[in-house]
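**Q** Model the placement of chain P on the given structure of chain B, informed by the hints.
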Amino acid sequence: MPRLRMTGISKTFPGVKALDDVSIEVMPGEIHALVGENGAGKSTLMNLLAGVHQPDSGTIELDGEAVEIPAESAAGAHGVAMVHQEQSLVPRLTIAENIFGGHPPVGRFGSIDRRAMVAQSVEVLGRLGLPVAPDRLVSSLSLAQAQIVEIAKAVTRPLRVLILDEPTASLSPEEGQHLFRVMRALAADGVAIIYVSHRLAEVFEVSQRVTVLKDGKLVGVRNSADVDAEDLIQMMVGRQLSFAQDTRRVAADAPVVLELVDVTAPPIRNASLTVRAGEIVCLAGLVGSGRTELCETIFGARPIRSGEVRLDGKKLRLRHPGDAVQAGIGMVPEDRKLSGLFLEMDLQQNVAAASLRSFDHNGFVSWNDVRTTTERFVSLLNIRTPSVDRKVVYLSGGNQQKVLLARWLVESPRLLIVDEPTRGVDVGTKAEIYRILRELAAAGTALLVVSSDLPEVLALAHRIVTITEGRVSGELDALHADEMAILRLASPRARLTLDETEVA
Amino acid sequence: MSSEPQVAAVFEPQQAQTPGRKSGPGLAKRGAFALVDSRPLLLILLNLLLILFMYLKTGSGFLSIENMSSVALDSATYGILTVGMMLLMIAGVFDLSIGGVLTMTGIVSAIAANDGVPIVLAWGVGIGAGALCGLANGLIVTRMRLNALIVTLATAGIYTGMAQLFSGTGVTEIKSGYETLGQTQWLGFQVPVWIWLGLAAVFTFLAHRQRWFRYLFFIGGNERAARLSGIDTNRVRFVAFILMGALAGLAGVLVASRLDAAVVSAGDNVPLNVITAAVLGGAALTGGSGSIPGSALAIFFLSLIQDAMIVVNVDVFWQQIVVGVVLIAAVSTEYIQHRRSS
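Protein chains in written order, with the working numbering: chain B, 10 to 513; chain P, 3 to 344.
For reference, chain B alone in the conformation it holds in the complex (with noise of 0.2 Å):
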């Protein structure tokens, strides 16, 4: 008997129809993805069976028994939990008191009982590998470390349905292994998993059957092992996507537009590289090597200790990000909701936060051109919206990611800064992204990018610099380089002979 049934399942929000008729079903110990592009309706149906929304028609079984889920709490007292993609751990608390946040082991006269809290912290934690002090506060813990914690919360009670919303989407390939292990672990105790993901790579290796959603319906279910990436890319997207390696190389004698000489700024540790007109080169390092930072320091939001960072030639001066902007150098940042967008506003005002001042007619802002300009890269980026009047918000991470593109597409810069890309962002708009990147290459600009997703370093990247523990420890041509050439020369204890260094 299936742990999980939900059958005819529709819901409508005002003006959208999110879910169709949608069905689908998981056993017991089953890892099972559930996939499709941004607005195919997967949070919506792993919202209803949370209890965050309710359906409009359509039953809910668990364990062949019809349920009603309310409210989340409901979910919880069914035996189901939701890892949500934002973290929903309170940091300034310690780790036994988030795990037990709602339902703390209660001793004598009705007060919490610290003692057995701890105690059972520690087992649930050895039980999922995270050996820490649950005294801790979660505030300590990286966010691969806090996911663990919101699993743990699930697990001291009677779990039976786990629902993990792209729980691999921030981090690293090791982390993302443990989280495996600790998923097929659970599911060898009879959970039913749940697994919502971009990341196809990631499906085939863990799940057994993947269950494909596109506008809301049911494409179909298959078994993991019966399909390839192409075949679900199809069922997603209903076309063929193609994330070759980009074969067009940068002439040896393209102008360097980017260089950095010998630059420390720690954690960046003397490093030096250039990135040529046209020339997309990919950062790649693990979570904390400094790749952000190296790519926060050339934008200038943060101090330089010594070395030199030059733009054509010239000596920047970098006090603060607007002199790098003034420079004419864009980057769209890591954390778009945090470090990006300004969520409340509509389009117009995110595409022009960078470049007002081009819009500066007699010294006033004129919103006609801004309006104009926003509805040129509208359709030339294919950002769905229903308007540029839209609280960007409300848009789906792919366009919102088109947004801050945009944002720098405005005044075409020299240099443009991408740190990761692709990050919660569905096969159909990555490959978008990717289209937008070569043809920003293509016109000349020199593209940096940041990317955790190996084969989106292999396919962008015409140049591969590693970054470990602030040091640039290599670089590869993007043609002869694999997963596991870069894995080698980013890793921290990788010793590095001049043969392992290609240089391009």
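Calculated from the structure, these hints are not laboratory results. Glycine is no exception: its CB is placed at the ideal position from the N, C-alpha and C atoms. Among the clues, some could well be false.
Stated by the list, open to error - Which residues of chain P face chain B? A partial, calculated answer using Cβ under 7 Å:
1) Ser-71
2) Arg-211
3) Asn-224
To be verified - Each pair of labels, with its calculated beta carbon distance range:
4) P:Leu-287 with B:His-370: 31 to 37 Å
5) B:Val-76 with P:Phe-207: 56 to 62 Å
6) P:Leu-287 with B:Val-76: 38 to 44 Å
**A** Frame of chain B, contents of chain P only:
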């Protein structure tokens, strides 16, 4: 749920490519048009309702030009301060020291006038002293990266104490000529009213169309994103504090001029009234949005309530209670709107 992914699915790319004005929510709803959102309309309605109620209850005297002129005069000083506070709140910061600044600048300006400084220059001294206070606030907040609320709470005490030191007796009478700024009438309204309306109009336009003022919206909307878009967030906020200080200085001069004396109690309750008006007028406590016309209508509404209470003989102490209640009501509507939209 963090976003509305379903939305994207509904719009086919062909539609998205021609978003145009027709499919948009129309001119009045444009985000860029901070001056035309629904809040000002609501406040116009509230003002009209209160006037209508008082008219029916007490007769035509309430609607007379004399009464309206006096309500407007009451609004003027608070109104000028509210313009500055609105700009600060759009950028996500507050200034609680404006009461102290207003008191001190009135006294400084009065002393200057009494010491023989030409009257016009004495007015300028008051405004300059205010700008200096704002500069100090701005320096502490942006250089030392301290919380604006706490910093200006502290400087409020400092400026008020300085005012009392300068004043000595508590009331500084000013030589004749100084009062012309506050007591001259023009087209039925006192000069401070015209100054207020003029400033509100100019800053409304600037907030909509001038680049520097637009930066305030970005900074309040997401400071980190603003900085990473190349905006010098510290400098913009610093200047905003100076502007607030100068406006508080102007308000101090106007109050002193109206009374023909600088008194140490001039700044009492000023931050409460001004922040209430700003919030009622549509300022988000988290920054990023606000409307100067809205706050002008809100300050008029508060003065109207006060006037109405005097007309129907309600104890003056009720006024602050009412203002407090209005502030909570205004904040809760923001909260409800936020809940609904998320």
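**Q** Among all the numbered hints in the text so far, which are the ones the structure does not match?
**A** Result: hint 1 breaks, nothing else.
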